[in-house]
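Visitor: Each chain, written out:
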Amino acid sequence: MDFTYDSEQNDLREAVAGLLGRAYSDSEQRRRVTATDPGFDEKTWARLAEMGVLGLPFAEEDGGMGAGPIEVAVVAEEVGRVLAPEPFVEAVVLAGGLVSAVGTAAQRAAVLGPLAEGGSVLALAHAEPAARWSTSAAGVTATQDGGTWRLSGVKEPVPNGARADVLVVSAVTDGGTALFLVQGDAEGLTRTGYRTHDGGRAANVTLDGTPAELLGEGTADRSADVERAQALARIAYSAEAVGAMDTALKTTAEYLKTRKQFGVTLNRFQALTFRAADMYVSLELARSTALWASMVADTGGDVVTAAVRARLQTSRAGRHVGKEAIQLHGGIGVTAEYSVGHYTSRLTAIDHLLGDGDWAADRLAATVDSYPTVDPLGAPYTG
Amino acid sequence: MRLQLSPEMEAFRDEMRTFFTTQVPQEIRDTIAAHRHLTRDQYVQAQRVLNDAGLAVPHWPVEWGGKDWTPLQRHIWREEMQLANVPEPLAFNASMIGPVIASFGNQEQKERFLPKTASLEIWWCQGFSEPDAGSDLASLRTTAVRDGDDWVVNGQKTWTTLGQYADWIFCLVRTDPTAEKKQRGISMLVFPMDTPGVTLRPIQLIDGGHEVNEVFFEDVRVPAENLIGEENRGWDYAKFLLGNERVGIARVGATKKLISQAKTHAREVVVDGRPLSEDPRLTARIAELENELLALELTALRVVANSADGKPHPASSVLKLRGSELQQAATELLVDIAGPLSVASFADGGSQVPQWARVATPEYLNYRKVSIYGGSNEVQRTIIAGTILGL
Numbered sequence: 004m005d006f007t008y009d010s011e012q013n014d015l016r017e018a019v020a021g022l023l024g025r026a027y028s029d030s031e032q033r034r035r036v037t038a039t040d041p042g043f044d045e046k047t048w049a050r051l052a053e054m055g056v057l058g059l060p061f062a063e064e065d066g067g068m069g070a071g072p073i074e075v076a077v078v079a080e081e082v083g084r085v086l087a088p089e090p091f092v093e094a095v096v097l098a099g100g101l102v103s104a105v106g107t108a109a110q111r112a113a114v115l116g117p118l119a120e121g122g123s124v125l126a127l128a129h130a131e132p133a134a135r136w137s138t139s140a141a142g143v144t145a146t147q148d149g150g151t152w153r154l155s156g157v158k159e160p161v162p163n164g165a166r167a168d169v170l171v172v173s174a175v176t177d178g179g180t181a182l183f184l185v186q187g188d189a190e191g192l193t194r195t196g197y198r199t200h201d202g203g204r205a206a207n208v209t210l211d212g213t214p215a216e217l218l219g220e221g222t223a224d225r226s227a228d229v230e231r232a233q234a235l236a237r238i239a240y241s242a243e244a245v246g247a248m249d250t251a252l253k254t255t256a257e258y259l260k261t262r263k264q265f266g267v268t269l270n271r272f273q274a275l276t277f278r279a280a281d282m283y284v285s286l287e288l289a290r291s292t293a294l295w296a297s298m299v300a301d302t303g304g305d306v307v308t309a310a311v312r313a314r315l316q317t318s319r320a321g322r323h324v325g326k327e328a329i330q331l332h333g334g335i336g337v338t339a340e341y342s343v344g345h346y347t348s349r350l351t352a353i354d355h356l357l358g359d360g361d362w363a364a365d366r367l368a369a370t371v372d373s374y375p376t377v378d379p380l381g382a383p384y385t386g
Numbered sequence: 014m015r016l017q018l019s020p021e022m023e024a025f026r027d028e029m030r031t032f033f034t035t036q037v038p039q040e041i042r043d044t045i046a047a048h049r050h051l052t053r054d055q056y057v058q059a060q061r062v063l064n065d066a067g068l069a070v071p072h073w074p075v076e077w078g079g080k081d082w083t084p085l086q087r088h089i090w091r092e093e094m095q096l097a098n099v100p101e102p103l104a105f106n107a108s109m110i111g112p113v114i115a116s117f118g119n120q121e122q123k124e125r126f127l128p129k130t131a132s133l134e135i136w137w138c139q140g141f142s143e144p145d146a147g148s149d150l151a152s153l154r155t156t157a158v159r160d161g162d163d164w165v166v167n168g169q170k171t172w173t174t175l176g177q178y179a180d181w182i183f184c185l186v187r188t189d190p191t192a193e194k195k196q197r198g199i200s201m202l203v204f205p206m207d208t209p210g211v212t213l214r215p216i217q218l219i220d221g222g223h224e225v226n227e228v229f230f231e232d233v234r235v236p237a238e239n240l241i242g243e244e245n246r247g248w249d250y251a252k253f254l255l256g257n258e259r260v261g262i263a264r265v266g267a268t269k270k271l272i273s274q275a276k277t278h279a280r281e282v283v284v285d286g287r288p289l290s291e292d293p294r295l296t297a298r299i300a301e302l303e304n305e306l307l308a309l310e311l312t313a314l315r316v317v318a319n320s321a322d323g324k325p326h327p328a329s330s331v332l333k334l335r336g337s338e339l340q341q342a343a344t345e346l347l348v349d350i351a352g353p354l355s356v357a358s359f360a361d362g363g364s365q366v367p368q369w370a371r372v373a374t375p376e377y378l379n380y381r382k383v384s385i386y387g388g389s390n391e392v393q394r395t396i397i398a399g400t401i402l403g404l
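Those sequence lines, one after another, are chains A and B. Taken in order, the first sequence gives residues 4 to 386; the numbers are from the working numbering. Taken in order, the second sequence gives residues 14 to 404; the numbers are from the working numbering.
It is possible that some hints are incorrect.
Derived pair list, reagent style DSSO-like, types lysine-lysine, alpha-carbon separation capped at 30 Å [unchecked claim]:
| hint | chain 1 | residue 1 | chain 2 | residue 2 |
| --- | --- | --- | --- | --- |
| 1 | B | K195 | B | K129 |
| 2 | A | K260 | B | K252 |
| 3 | B | K195 | B | K123 |
| 4 | B | K252 | A | K253 |
| 5 | A | K253 | A | K263 |
| 6 | B | K194 | A | K260 |
| 7 | A | K260 | B | K195 |
| 8 | B | K80 | B | K194 |
| 9 | B | K129 | B | K194 |
Listing some non-contacts, in silico: residues in chain B with all C-beta distances to chain A over 10 Å [what the hints assert, rightly or not]:
| hint | residue |
| --- | --- |
| 10 | R42 |
| 11 | V75 |
| 12 | D149 |
| 13 | T156 |
| 14 | Q177 |
| 15 | R246 |
| 16 | K252 |
| 17 | N304 |
| 18 | E305 |
| 19 | V348 |
| 20 | P367 |
Here's a subset of chain A near chain B, in silico, CB distances under 7 Å, partners left out [unchecked claim]:
| hint | residue |
| --- | --- |
| 21 | D5 |
| 22 | L259 |
| 23 | T261 |
| 24 | A279 |
| 25 | V284 |
| 26 | P379 |
These are calculated hints, taken from the structure and not from any lab test. Virtual Cβ for every residue (Gly too), placed ideally from N, Cα, C.
Sequences are here, hints too, so could you generate the full structure?
Guide: Structure follows, in structure tokens:
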């Protein structure tokens, strides 16, 4: 048991931190990028591809790097640290992860290769207006028409749904929830994109008899695959949140040391420094849990529960750190020109994309009476 | 990063678990599990069992009974002890004065005190806090004035935990009132509690128990050879001592036991025909508490895994702060599960209220101390803000 990165993981962190740090060296650069579609920088996306980041968790024969959840977490934390708007978790971990887990060899090669090379952006169209962090589909149905599957219904919000070249769409079949690949230029596909509060992009995706390719073999229910991919994405989001919280706290501490009120710098007021200390406590506890969950995923333990645990901790911490960062800055914290509010905005988005703290607490509460104590180093977490 | 314990550490954990659950008398472990007070003899008996197996003072120098363990081994040792309801070696002996004498005492003092400190043949108590010097320890006023071969001590100490059981006291005294900084001019003296001029007075606490005391010194004559280390360097020793074992203070294993007991008792309390353990508000509260505790345990593991080079890990300051809050939250949970039964705190034989419900509130009230002693949580926040965030 140890919590230290090996030299390859440290190299990866430094390389990604270097690239993203240059791309988003100040919040102005990020604001310029997020002001225009597609809401991220295609050049930075291409550089991430050159570095191997976009194929990180995929098998080498599928065009990937064959790395694991720990490397994914390393990247996600750096994404969060500078609020890089590139959809790493959404495209690689979530949509790509499902193709990797479910797709046939031919589909994996056809979809993951171009994703890893930066030639194609992938998006998962799973959320529905009437659903909430579900593992199954309800509002989109799939029917077979001769040899062709056709999808009808609405998916929304779909992160990066307008920009994506290929959509992974969940739909209801006789066998339950199945997954499909839909090309961006397919007939009967309407995508209406819009900005999200955190500077990203999402879309309404309407399917009307849209031709689609069944992902994987057969129409057995894929809810468990969706749940597992969501779990891996929750762990990656937890790492991203840790990166964002880390910067939000550093920015706040720096501000308290320099900003003067009543003739002295703010760090002379104990009421403020104590609140900053509590932010640190929240951050470090969240960091420990996020690191642990990535290790559970890496060792093949109960990744679903570990992800829920990481989500609960990072959700509570994200709200605490985000809100306090703004409060300790005062009025400047709520301005668009200053960065700290954007960190809180992104933390809030992460909280709601795949399940918030109350959702996670409810999940854990359902089984709380079935075991005496939680042992993070024992079964079921060590696989 | 690797999650699993190495096979060696797995074996070590099993070895500790087996020892603690089979070699420490069941009656003592039952007393701890039932949240009842141990007698002095039980403390001594338990520590003897540990010491005879070389498990009482593993963090001491090998020469004096230490084990040269890694921080992770020490962590496992402590956690398994707590999970097995084994009383930890008396902190005043094992974590406080023992390491100070081993590091700063002279050879004669080491030989004279360390074996008996490890085996609890000498029961030590701490004479640090004073009525006007709690967290602001440097303001202490108890004086020691040199007179021939003796120091003559006058003053008062307070919050002297289990002083009524103690054979000896280690005491911070002001030996140079003219020192420019109040942290200078302080020395550490040790002497028997039955030295003429020492008076102990119990302080009654809100839980109805007696575990702390006031200690008064009136012309107490202490031989000069009982000065530990150098004159006027006492502050350094106190800092060394208080900085020790911040990791252990998280008490994750103990809080785990409390939560697991809370789950058991929630099944026994039936409300409107349904066990309380099915109440969604309660299960959600337990889930949140367990997750916070998981985060704390993982942070403790991060600290022990990454502190092998001897430097304290920055996150270690979180452990006391959050560890005390979670201990308190767990005792509060038990009171709330007991509900109206909890008022029967001092019921005796004729009562039908179960024992756990009777002790719940006294323990909850008693546990208010954990965010105060060992450097209050406000002191911990000051440390985090100052040394980590640079504020």
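Visitor: Can we confirm that no CB of chain A comes within 10 Å of the CB of B:D149?
Guide: holds, 15 Å
Visitor: Between the alpha carbons of A:K253 and A:K263, is the straight-line distance 30 Å or under?
Guide: The hint holds at about 17 Å.
Visitor: Taking the minimum C-beta separation from B:K252 to chain A, is that value above 10 Å?
Guide: holds, 20 Å
Visitor: Starting from B:K195, check that the Cα of B:K129 is at most 30 Å away, please.
Guide: Roughly 33 Å between the alpha carbons, so the hint for B:K195 and B:K129 is violated.
Visitor: The output says B:V75 does not contact chain A. Does that hold with a beta carbon cutoff of 10 Å?
Guide: Check passes; 24 Å lies beyond 10 Å.
Visitor: Is it the case that B:T156 keeps its Cβ farther than 10 Å from each residue Cβ in chain A?
Guide: holds, 32 Å
Visitor: Beyond 10 Å from chain A, beta-carbon-wise, is B:R42?
Guide: holds, 16 Å
Visitor: Regarding the assertion that B:N304 does not contact chain A, is the least Cβ-Cβ distance greater than 10 Å?
Guide: The claim is violated: B:N304 sits with its nearest Cβ about 5 Å from chain A, within 10 Å.
Visitor: Starting from B:K129, check that the Cα of B:K194 is at most 30 Å away, please.
Guide: Violated - the C-alpha atoms of B:K194 and B:K129 are around 35 Å apart, more than 30 Å.
Visitor: Holds or violated: is there a CB of chain B closer than 7 Å to the CB of A:A279?
Guide: holds, 6 Å
Visitor: Just double-check B:R246 for me: nearest Cβ-Cβ distance to chain A has to come out over 10 Å.
Guide: Its Cβ never comes within 10 Å of chain A, the nearest being 30 Å, so this holds.
Visitor: Would you mind confirming whether the straight-line C-alpha gap from B:K252 to A:K253 stays at or under 30 Å?
Guide: holds, 29 Å
When each numbered hint is compared with the structure, violations occur for hints 1, 8, 9, 17, 18, 23.
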